[in-house]
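Peer 1: Sequence:
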Amino acid sequence: MAKKVSMEDIAKKLGISKNTVSLAMRNMPLISAKTRELVHHTAMEMGYVYKRRASTQGLNKTFFENICLLVPRIIRNIEFFSLIQFGIEKEARKHNLNIILHYVDENDFELPSCITENMVDGIIMLGCLPKELTVMVSASELPIVSVDNYYDDISMNYVLTDNISGSFNMTEYLIKRGHKKIGFYGNINIASSFYDRYLGYYKASLEHGLKIPEEWIIKNNLSDYTGLLNHLKTGKADLPSAFVCVNDVHALRLINALEEISVHVPGNVSVAGFDNIPQSGENKPGLTTMHVYKEALGEAAVMRLISIPENEQLPEKILILTKLVERESVSSVKNKVF
Numbered sequence: 001m002a003k004k005v006s007m008e009d010i011a012k013k014l015g016i017s018k019n020t021v022s023l024a025m026r027n028m029p030l031i032s033a034k035t036r037e038l039v040h041h042t043a044m045e046m047g048y049v050y051k052r053r054a055s056t057q058g059l060n061k062t063f064f065e066n067i068c069l070l071v072p073r074i075i076r077n078i079e080f081f082s083l084i085q086f087g088i089e090k091e092a093r094k095h096n097l098n099i100i101l102h103y104v105d106e107n108d109f110e111l112p113s114c115i116t117e118n119m120v121d122g123i124i125m126l127g128c129l130p131k132e133l134t135v136m137v138s139a140s141e142l143p144i145v146s147v148d149n150y151y152d153d154i155s156m157n158y159v160l161t162d163n164i165s166g167s168f169n170m171t172e173y174l175i176k177r178g179h180k181k182i183g184f185y186g187n188i189n190i191a192s193s194f195y196d197r198y199l200g201y202y203k204a205s206l207e208h209g210l211k212i213p214e215e216w217i218i219k220n221n222l223s224d225y226t227g228l229l230n231h232l233k234t235g236k237a238d239l240p241s242a243f244v245c246v247n248d249v250h251a252l253r254l255i256n257a258l259e260e261i262s263v264h265v266p267g268n269v270s271v272a273g274f275d276n277i278p279q280s281g282e283n284k285p286g287l288t289t290m291h292v293y294k295e296a297l298g299e300a301a302v303m304r305l306i307s308i309p310e311n312e313q314l315p316e317k318i319l320i321l322t323k324l325v326e327r328e329s330v331s332s333v334k335n336k337v338f
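Take the sequence shown: its letter number 276 is residue 276 in the working numbering, and every next letter is one higher.
Hints are computed from structural coordinates only; laboratory data are not their basis.
All of these numbers come straight from a predicted model, not from anything done at the bench.
Among the clues, some could well be false.
Restraint ranges, calculated between C-beta atoms of paired labels, are given here [as the list claims (entries may be wrong)]:
{"#": "1", "residue 1": "E214", "residue 2": "D105", "range": "32 to 40 Å"}
{"#": "2", "residue 1": "Y103", "residue 2": "V135", "range": "16 to 24 Å"}
{"#": "3", "residue 1": "K180", "residue 2": "K131", "range": "37 to 45 Å"}
{"#": "4", "residue 1": "R73", "residue 2": "E328", "range": "33 to 41 Å"}
{"#": "5", "residue 1": "L319", "residue 2": "V5", "range": "38 to 46 Å"}
{"#": "6", "residue 1": "R73", "residue 2": "K176", "range": "20 to 28 Å"}
{"#": "7", "residue 1": "K233", "residue 2": "R73", "range": "16 to 24 Å"}
{"#": "8", "residue 1": "E110", "residue 2": "E65", "range": "22 to 30 Å"}
{"#": "9", "residue 1": "S307", "residue 2": "E79", "range": "22 to 30 Å"}
{"#": "10", "residue 1": "A33", "residue 2": "L206", "range": "45 to 53 Å"}
{"#": "11", "residue 1": "H208", "residue 2": "E79", "range": "29 to 37 Å"}
{"#": "12", "residue 1": "I78", "residue 2": "S6", "range": "32 to 40 Å"}
{"#": "13", "residue 1": "D105", "residue 2": "K233", "range": "34 to 42 Å"}
{"#": "14", "residue 1": "L206", "residue 2": "E260", "range": "29 to 37 Å"}
Where a beta carbon is used, it is the ideal one built from N, C-alpha and C, also for glycine.
Sequences are here, hints too, so could you generate the full structure?
Peer 2: Below you can see the structure in the form of structure tokens.
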């Protein structure tokens, strides 16, 4: 029995990448007319059959059977993303969809074979994938949804937490507890969600006329504990009365660093997180945070994907709201030691 011809076989014969073959077979404008013609001609000679996605008869809606789930390898063991992935898989099972999981390495700019070989009917991207790969995926002509990350200059469907509003509401909550000196901690360049949480904090501070001294904003790469500790020691004499953090991991790290220099939480400084991971409730003091509906993000991504009509021209950005969870890490200003 003759071996089935693949796109990889065509790529090897022509001395080009498999991605180029895939884009050429889809007649994408990223590939020159000469290369497209050469790829189509070679595919015909080799007996390769290009299978396009099927559509349900009489409906302008794509039929879904297989979904490619792209996940950065670096986040595969992080519980926050595991819960989003669980929501994706749970909702997929409801609709009898198969998930083909593909882990992406940091410098992996190749489309997986399940996409180039037309094995899937749609793509879900989870977390912060390399922009170069995201551009390639967006050119695949398949229905795509990106979860928990977005690029302002790439038009596709996004399902996101409403990070700006969530951080705005957390900052305003602190203001209502009497705090007027509110700092911020977290590397905002790690992910779009972190940057948006900083914007929410900044927006609330501006609306309430709060002064924001530069030394209260720890938004550079001070994620390592020693760097954070040294920064806090330097500014210990004039710390804010409260900190908003980009997520719970940063908030818990900040609490430990403050306690190490004898600045107690919440007695001296209040600390608020974001995400509501299990450790935030187990910590002493319990961490005040914004609850993110992680499984719901995954479920919404699948629902959006299977509702995308073929040749859709109007992508959506879906925002899921957060909920304040009050615990012991925040107290009112009147209860402060200094």
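Peer 1: Can you give the numbers of the hints that this structure goes against, from lowest to highest?
Peer 2: 6, 7
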